[in-house]
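Chemist: Chain by chain, the residues:
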Amino acid sequence: MLSNIGVILVFLILASSFLIIYNAYLDIKIKDQIVKKIIYNLSLFQITFTILSFFALIIGFINSDFSLINVYENSHTAKPLFYKIAGTWGNHEGSLLLWINILVLFSFLFLVFNFKHNKKFRLYTLIFQNILIIGFVIFLLLNSNPFSLIYPVPLEGLGLNPILQDPALAIHPPLLYIGFVGCSIYFSAAMASMFSEYKGKEFALSIKSWIQISWCFQTLGITVGSIWAYYELGWGGFWFWDPVENASLLPWFAITALMHSVMVLEKRNTLYAWVIILCLLTFILSVTGTFLVRSGILNSVHTFASDPSRGIYILLFLGMMIFTSLIIFFKKYKKESYNFNLKTRETFILVNNWFMIFFLVTVLVGTLYPIFLDVIADVKISVGPPFYNIVIIPLVVPFLFLMTVGPQFKWINSQNVKFYKTTFIFFGAVIINLFIYYFFENYSVLTNLIFIVAIFLILHCFLDAKQSIYKNKKFEYPRIISHLGFGLLVLCIGINHQYSLEVDFNLKIGENKKINNYEIYFENIKTEQNKNYQSVIGNFKLTDFKRNIVQYLDPEIRIYSDPETLTYEAAIKSKITSDFYLTMSNVSRSEYYNIKFQNKPFMIWIWISAFMIALGGFVQLMLKKNEN
Amino acid sequence: MKINISKIIIFSFVVFFLSIFWLGLKKDNNYDTKNIIGNKISNFQLPSIYNNKFISEETLKENKFTLINFFASWCAPCRAEHQYLLNLSNKNNDIKILGINFKDKKNNAIGFLNELGNPYDFVAGDTEGKASILFGIYGIPESILVNSELVIIKKIIGPINPKQYEEILQLIQ
Numbered sequence: 001m002l003s004n005i006g007v008i009l010v011f012l013i014l015a016s017s018f019l020i021i022y023n024a025y026l027d028i029k030i031k032d033q034i035v036k037k038i039i040y041n042l043s044l045f046q047i048t049f050t051i052l053s054f055f056a057l058i059i060g061f062i063n064s065d066f067s068l069i070n071v072y073e074n075s076h077t078a079k080p081l082f083y084k085i086a087g088t089w090g091n092h093e094g095s096l097l098l099w100i101n102i103l104v105l106f107s108f109l110f111l112v113f114n115f116k117h118n119k120k121f122r123l124y125t126l127i128f129q130n131i132l133i134i135g136f137v138i139f140l141l142l143n144s145n146p147f148s149l150i151y152p153v154p155l156e157g158l159g160l161n162p163i164l165q166d167p168a169l170a171i172h173p174p175l176l177y178i179g180f181v182g183c184s185i186y187f188s189a190a191m192a193s194m195f196s197e198y199k200g201k202e203f204a205l206s207i208k209s210w211i212q213i214s215w216c217f218q219t220l221g222i223t224v225g226s227i228w229a230y231y232e233l234g235w236g237g238f239w240f241w242d243p244v245e246n247a248s249l250l251p252w253f254a255i256t257a258l259m260h261s262v263m264v265l266e267k268r269n270t271l272y273a274w275v276i277i278l279c280l281l282t283f284i285l286s287v288t289g290t291f292l293v294r295s296g297i298l299n300s301v302h303t304f305a306s307d308p309s310r311g312i313y314i315l316l317f318l319g320m321m322i323f324t325s326l327i328i329f330f331k332k333y334k335k336e337s338y339n340f341n342l343k344t345r346e347t348f349i350l351v352n353n354w355f356m357i358f359f360l361v362t363v364l365v366g367t368l369y370p371i372f373l374d375v376i377a378d379v380k381i382s383v384g385p386p387f388y389n390i391v392i393i394p395l396v397v398p399f400l401f402l403m404t405v406g407p408q409f410k411w412i413n414s415q416n417v418k419f420y421k422t423t424f425i426f427f428g429a430v431i432i433n434l435f436i437y438y439f440f441e442n443y444s445v446l447t448n449l450i451f452i453v454a455i456f457l458i459l460h461c462f463l464d465a466k467q468s469i470y471k472n473k474k475f476e477y478p479r480i481i482s483h484l485g486f487g488l489l490v491l492c493i494g495i496n497h498q499y500s501l502e503v504d505f506n507l508k509i510g511e512n513k514k515i516n517n518y519e520i521y522f523e524n525i526k527t528e529q530n531k532n533y534q535s536v537i538g539n540f541k542l543t544d545f546k547r548n549i550v551q552y553l554d555p556e557i558r559i560y561s562d563p564e565t566l567t568y569e570a571a572i573k574s575k576i577t578s579d580f581y582l583t584m585s586n587v588s589r590s591e592y593y594n595i596k597f598q599n600k601p602f603m604i605w606i607w608i609s610a611f612m613i614a615l616g617g618f619v620q621l622m623l624k625k626n627e628n
Numbered sequence: 001m002k003i004n005i006s007k008i009i010i011f012s013f014v015v016f017f018l019s020i021f022w023l024g025l026k027k028d029n030n031y032d033t034k035n036i037i038g039n040k041i042s043n044f045q046l047p048s049i050y051n052n053k054f055i056s057e058e059t060l061k062e063n064k065f066t067l068i069n070f071f072a073s074w075c076a077p078c079r080a081e082h083q084y085l086l087n088l089s090n091k092n093n094d095i096k097i098l099g100i101n102f103k104d105k106k107n108n109a110i111g112f113l114n115e116l117g118n119p120y121d122f123v124a125g126d127t128e129g130k131a132s133i134l135f136g137i138y139g140i141p142e143s144i145l146v147n148s149e150l151v152i153i154k155k156i157i158g159p160i161n162p163k164q165y166e167e168i169l170q171l172i173q
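Chains as they are written, first to last, in the working numbering: chain A, 1 to 628; chain B, 1 to 173.
Think of the hints as simulated: they come from the structure by calculation, not from any bench.
Computed from a prediction, not measured in an experiment: that's the story for all the values here.
From the three backbone atoms N, C-alpha and C, an ideal C-beta is built for every residue, glycine too.
Treat the hints loosely; a few may be bogus.
Listed next, the in silico DSS-like pairs over lysine-lysine satisfying Cα-Cα at most 27 Å (straight line) [unchecked claim]:
{"no.": "1", "chain 1": "B", "residue 1": "103", "chain 2": "A", "residue 2": "513"}
{"no.": "2", "chain 1": "A", "residue 1": "334", "chain 2": "B", "residue 2": "7"}
{"no.": "3", "chain 1": "B", "residue 1": "105", "chain 2": "A", "residue 2": "514"}
{"no.": "4", "chain 1": "A", "residue 1": "380", "chain 2": "B", "residue 2": "130"}
Computed from the model, here is a short list of chain A residues facing chain B with C-beta under 8 Å [what the hints assert, rightly or not]:
{"no.": "5", "residue": "291"}
{"no.": "6", "residue": "295"}
{"no.": "7", "residue": "297"}
{"no.": "8", "residue": "319"}
{"no.": "9", "residue": "322"}
{"no.": "10", "residue": "330"}
{"no.": "11", "residue": "371"}
{"no.": "12", "residue": "375"}
{"no.": "13", "residue": "587"}
Produce the entire structure from the sequences given, and follow the hints as far as they go.
Modeler: Structure representation (structure tokens):
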């Protein structure tokens with residue numbers, strides 16, 4: 001029953017897409033500025049069908065309707081309701097339906113909210129977006145139908161991978177999806193812009209908000225994913241340069257570059273071709289990332305939903321997207337002339353773009369090189385943190401420096417900018433760095449250079465904030481918040497990297513272990529029975545002799561029943577200045593437990609600053625709304 | 001028609017990327033070492049757990065057959081197969097056994113062998129487990145039977161069972 005409803009709804013989405021394309025095509029030929037009512041209605045129907053189909057699947061999960069293969073494979077009656085719902089998008093088929101939801105949602109919103117813009121441009125955007133929707137709906141129906149039936153109906157489901165049963169991970173995919181799939185709308189808009197010759201400032205204004213929305217969500221999504229890795233994977237790290245993480249970082253670099261250069265297009269009416277390239281590239285990279293993650297071509301710790309047969313379809317789709325966009329781009333490309341003054345804001349934005357592209361290429365090479373080598377030479381390697389650290393970290397120094405100085409320049413021409421204060425702040429940053437050195441008694445040239453530029457950026461942001469409040473320049477706020485967040489992020493990662501303490505040892509109940517000025521005492525162990533897992537909880541007493549504080553840490557080993565899996569839950573005590581992180585794992589056939597203890601300074605600030613980066617984007621959206 | 005070099009470069013680049021992806025999809029990507037029979041083992045050099053000497057592939061060339069067994073004191077199934085290893089070393093002079101102590105502490109390993117008996121002619125330590133990967137090991141216990149030319153003739157994943165024990169005896173006849 002539910003299956004039939006779901007499939008019918010998906011077919012209705014497909015039908016409305018074809019009708020929208022047909023009607024939009026007819027309407028383009030009519031030379032007026034009013035989009036026909038029928039197109040609005042069709043879009044409204046389409047979004048309704050889409051949302052309903054997603055609800056149908058959610059209902060299947062809530063009711064544990066195991067006649068659906070997808071529910072059977074990914075759910076279980078003993079699962080808490082929250083995770084039953086989250087299970088809807090915790091698997092390939094369901095997440096593809098979510099993907100289609102976002103494609104349709106953005107298609108609808110773009111049509112409704114951009115009513116001020118050129119009709120031809122809007123209709124072309126709608127056509128391209130619906131071509132994308134058709135592509136993905138066909139993929140869903142042919143290869144990954146979440147409404148497929150299973151007979152006989154099983155009595156119980158197989159359950160969801162326990163390490164995915166985490167609140168951070170329940171919201172991580174939707175956030176990322178809004179971010180990545182949201183890019184589709186300016187992919188379509190870029191194609192439409194080339195077709196309808198709707199360029200320049202107007203075009204920039206039409207896509208700007210959409211870029212910001214998807215950028216904010218991408219930033220949030222990546223951050224939440226990283227938080228999940230920190231709390232759940234039990235390694236105490238938050239970024240592993242894992243291929244799947246890289247796949248999410250690639251579009252982020254492109255979109256960050258785009259977000260900056262679209263401002264140049266808006267203010268100076270130049271860089272049009274570059275903005276188009278970035279619009280196309282961002283979504284192409286999003287789909288590439290999906291391909292890499294879903295096809296199973298990468299061996300990664302968190303490819304949860306992979307299957308090579310899907311890969312062929314996504315690859316085909318990706319190939320078509322790239323070729324179509326390239327051919328159209330070359331056909332429509334006209335040479336632009338640039339005459340930028342060196343000392344202008346646009347020059348620095350271009351510099352930002354070069355850095356972003358450099359980071360993008362580095363991560364791309366690091367991610368794809370193992371695949372190339374495997375295919376061509378049959379050699380298996382993995383590219384890990386050392387590569388990225390060597391290539392990326394040194395460049396962070398000039399990057400942050402220019403990020404601080406760049407915004408001090410004005411658009412078009414800024415001959416009269418004075419740098420007394422900036423120089424003063426720079427020396428301030430050098431002095432603060434000396435204090436850090438004095439406090440931690442540990443030194444590394446590169447890390448401390450990064451400290452200097454990061455502090456320089458942070459302090460300068462405060463100065464900028466003061467000035468823009470004083471002069472009532474509200475439009476500067478988002479930039480200051482995001483840049484401040486970024487400076488803080490780099491600083492905290494640097495401190496965290498340089499001054500973390502990590503030790504590994506074995507303990508049994510009643511023993512203690514001294515590390516520097518900490519002492520860890522293993523008090524006892526207790527077991528608990530929970531709804532779908534059993535847990536073994538250790539009780540550890542942590543004494544800090546330096547500050548005379550006693551704390552209790554309770555790491556946990558969880559034994560899930562469906563499917564039978566062990567997970568290790570870290571005990572984490574977060575404080576403003578540092579995190580204590582303790583995991584325990586059993587050593588088989590012995591009364592000893594393996595303990596991993598870490599002290600990570602400024603951990604919580606990494607999350608705060610990452611959220612701050614995203615916050616900047618949201619503030620911009622709010623300011624824009626108030627303007628209207 | 002004017003041929004535009006940059007266009008050609010970009011297009012061939014895209015074609016290259018996509019075809020690599022396509023080839024990558026066709027490839028079996030699972031890490032699998034079942035098919036290593038017939039391959040030669042790679043060169044290695046590992047410290048003995050008893051003294052400061054090193055054991056390398058040269059040591060194995062002198063033996064007619066060598067069974068390379070990967071074990072650890074923390075590994076329960078290793079205890080289960082231990083009796084078969086002891087039998088092999090007592091019964092047969094054609095086969096030598098090299099034990100590679102996987103991700104373990106020296107003292108624990110020595111204690112383990114003192115408790116259960118030592119079937120090994122050589123015992124090498126691989127504290128970090130990195131060298132074992134070169135042998136195509138992904139979990140222990142695993143055993144590899146090689147001849148004097150260092151070619152792998154049998155691979156056993158998991159503890160040695162009676163059937164596999166007989167097979168080893170047949171192979172070295």
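Chemist: If any of the earlier hints don't hold here, list their numbers in rising order.
Modeler: none
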